[in-house]
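Chemist: Here's the letter readout for the chains.
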Amino acid sequence: MTTAGTTAKTGALTPKRKRGFWSTLSKQWQLAIMSVPMLLYVFLFNYAPLWGWITAFQDYKPKQGVFGSKWVGLDNFKFLFGREDFLLSIRNTLAMSVINLVFGTCAAILLAVLLNEVRNRTFKRTVQTVTYLPHFLSMVIVVAMAQNIFSGTGAINTLLMSMGLVKEPIFFLGTGEYFWWLVGGINVWKEVGWNTIIYIAAMTSIDPSLYEAAAIDGAGRFQRILHVTLPGIKSTFMVLLIMNIGHLMEAGFEIQYLMRNGMVMKYSDTIDVFALLYSFGGSTAHYSYSVAAGMFKSVVGIILLLAANRIAKALDESTLI
Amino acid sequence: MTVATAKKRGKRRDIAFPIVNTIILILLMFITLYPVINTVAYSFNDGLDAVKGGIGLIPRKFSTEAYTELLQDPAVYKAFWISLSKTVITTLTNLFFTSMLAFALSRREYVLRGFITTVMVLTMYVNAGLIPNYLLISRTLGLRNTYWVYIIPTMFSCFNMIVIRTYIQGLPDALVESARIDGAGDLRTFFQIILPLCLPVMATVALFVAVGAWNSWFDTYLYNGSKKDLYSLQYLLKMKLATTQSASNSANATADALSQQSKVTPVVVRSAISVISAVPILIVYPFLQKYFVTGMALGAVKG
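Chains as they are written, first to last, in our numbering: chain G, 1 to 321; chain W, 1 to 303.
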């Protein structure tokens, strides 16, 4: 038993695969018991469904199954790209992702910087606890709250009218043009506190002597933020930015689906909502269209991710030099 | 500018900035809490009066009728029980399998480590999409209209696995090695030595999983929409949204509500269910704050 530990430690020095793969594995049967069931689990739940992408090239009927359905080649994709509602759903997905990304990131960094300047620990902790709260609320509750706040007699309209900015209540929930910004605002409200966690963690790892040096050189508070704090979180920012670019096609569907109505659907329906409606929205299920839409989304998502990774690598090299 | 004036300016700023900062942060807390308190206020307001809107932070016409009506409704109890039980079972099974896997993948000598890690990490980026998953779960596995659809598809999350694995890797190697010298196998080492030390990170992941399970409504919508016995609390609320959407969207919803027989109107019921379903989590999370903050940082470093 002890040899297993020592060979692992000196593994770099001794030639690898001294024992065969299978004999090592049979010695490690306990680790295999702990991990192989989950491996099979993800094959079933995460990889097996990829088989369903075949139906994007079929006129899939559940009764006939994958093997009995008629092959239609790229007809489903041709159909999708000829539909205005699908093209709009691509636009809406990208628009809401970008709004979320830009405002979400800016708000989180701004709040993290402000929190980082707070010296009173109790106050800082209180602000953190309060701003984490909305993250734990379900989207259904958040939408229920939004329906109260943004209704004709809700808090926002009451405020705007008492300030004399508008005469008539604004029809927030029923005006398409407002939808993206409403979703963006709600998402920032919900996640801004939560998103500061990572930035604050990055800020606490900044060497305090940098601040002292900056202070000795006569840097004021804003200059210290600008020249010490922000550069200190740059790498975290870049990593998150790249990850988020890989997720640009994921604008979500929960909030859009829960808040959509006939008046805003040209602005509310993301690709996911489109897929959902084409399969479960009407009396007949057009599974193939939904699968094709989902497949398009996934493939573009993977391309974006790989591209973002590439850019990251290129940037890393240039910043290292 | 002389040194003296620069210092003076710096000092003045040092007084002004904390004050402005504090005001901004207090304002932010107010904006964060306003919708929450507003919803509580609505839930404790008289139904017909609430339809007129314009309620701020305190109920205008106090009434607990929404709660008394909800608490007399057996469907609410049923849904609460479904939500609670699925949250507890999902959290326990998820923690059990995820932490065991995390331990196995933290062992450098494990021959399948690289392969399994790659397969697991790829699940974060490869997603077949809504319909293929639906067809697998409902048709191939036949989990539609069953309670199991809440438990089985949510047994694993790669992000949580990485969080736990990173934590285990931070523990001293000597722990595992000395257990080995004493003759303990990997299973025993994990359950008797490592798992008890993982309590902080397990609390974090338990919170993440529990919140996800408690807050989910889409699984009910997709798989159990025709099975009233299996409705979760969130789905009950979601149905209240749907029925009141047109009403809340129109500027004068009063007429709509007046046509109703009950004194308890949708807007109040919606608010009351929101409060009931939010309270359990809002009670728990502040106590786990220390843990999930470090947990998030751990996951972010390696994720």
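Keep in mind that the hints are not guaranteed to be accurate.
[Stated by the list, open to error] Under the rule of at most 20 angstroms between Cα atoms (straight-line distance), these lysine to any residue pairs were calculated in the SDA-like manner:
{"no.": "1", "chain 1": "G", "residue 1": "Lys-190", "chain 2": "W", "residue 2": "Leu-28"}
{"no.": "2", "chain 1": "W", "residue 1": "Lys-52", "chain 2": "G", "residue 2": "Lys-63"}
{"no.": "3", "chain 1": "G", "residue 1": "Lys-234", "chain 2": "G", "residue 2": "Ser-209"}
{"no.": "4", "chain 1": "G", "residue 1": "Lys-27", "chain 2": "W", "residue 2": "Asp-182"}
{"no.": "5", "chain 1": "W", "residue 1": "Lys-240", "chain 2": "G", "residue 2": "Lys-27"}
{"no.": "6", "chain 1": "G", "residue 1": "Lys-63", "chain 2": "W", "residue 2": "Ser-138"}
{"no.": "7", "chain 1": "G", "residue 1": "Lys-63", "chain 2": "W", "residue 2": "Gly-142"}
{"no.": "8", "chain 1": "W", "residue 1": "Lys-290", "chain 2": "G", "residue 2": "Trp-194"}
{"no.": "9", "chain 1": "G", "residue 1": "Lys-63", "chain 2": "W", "residue 2": "Leu-141"}
{"no.": "10", "chain 1": "W", "residue 1": "Lys-240", "chain 2": "G", "residue 2": "Arg-260"}
{"no.": "11", "chain 1": "G", "residue 1": "Lys-124", "chain 2": "W", "residue 2": "Gly-142"}
{"no.": "12", "chain 1": "G", "residue 1": "Lys-190", "chain 2": "W", "residue 2": "Lys-52"}
{"no.": "13", "chain 1": "G", "residue 1": "Lys-124", "chain 2": "W", "residue 2": "Tyr-285"}
{"no.": "14", "chain 1": "G", "residue 1": "Lys-124", "chain 2": "W", "residue 2": "Leu-282"}
{"no.": "15", "chain 1": "W", "residue 1": "Lys-52", "chain 2": "G", "residue 2": "Met-161"}
{"no.": "16", "chain 1": "G", "residue 1": "Lys-190", "chain 2": "W", "residue 2": "Tyr-285"}
Don't read these hints as lab results, they were simulated from the structure.
Chemist: Would you mind marking each hint as holding or not holding in the structure?
Modeler: Status of each hint after checking the structure:
no.	hint	result
1	Lys-190(G) / Leu-28(W)	holds, 12 angstroms
2	Lys-52(W) / Lys-63(G)	violated, 50 angstroms
3	Lys-234(G) / Ser-209(G)	holds, 18 angstroms
4	Lys-27(G) / Asp-182(W)	holds, 17 angstroms
5	Lys-240(W) / Lys-27(G)	violated, 57 angstroms
6	Lys-63(G) / Ser-138(W)	holds, 13 angstroms
7	Lys-63(G) / Gly-142(W)	holds, 15 angstroms
8	Lys-290(W) / Trp-194(G)	holds, 13 angstroms
9	Lys-63(G) / Leu-141(W)	holds, 16 angstroms
10	Lys-240(W) / Arg-260(G)	holds, 15 angstroms
11	Lys-124(G) / Gly-142(W)	violated, 50 angstroms
12	Lys-190(G) / Lys-52(W)	violated, 27 angstroms
13	Lys-124(G) / Tyr-285(W)	holds, 17 angstroms
14	Lys-124(G) / Leu-282(W)	holds, 19 angstroms
15	Lys-52(W) / Met-161(G)	holds, 16 angstroms
16	Lys-190(G) / Tyr-285(W)	holds, 15 angstroms
Going down the numbered hints, you'll see the structure goes against 2, 5, 11, 12, while the others check out.
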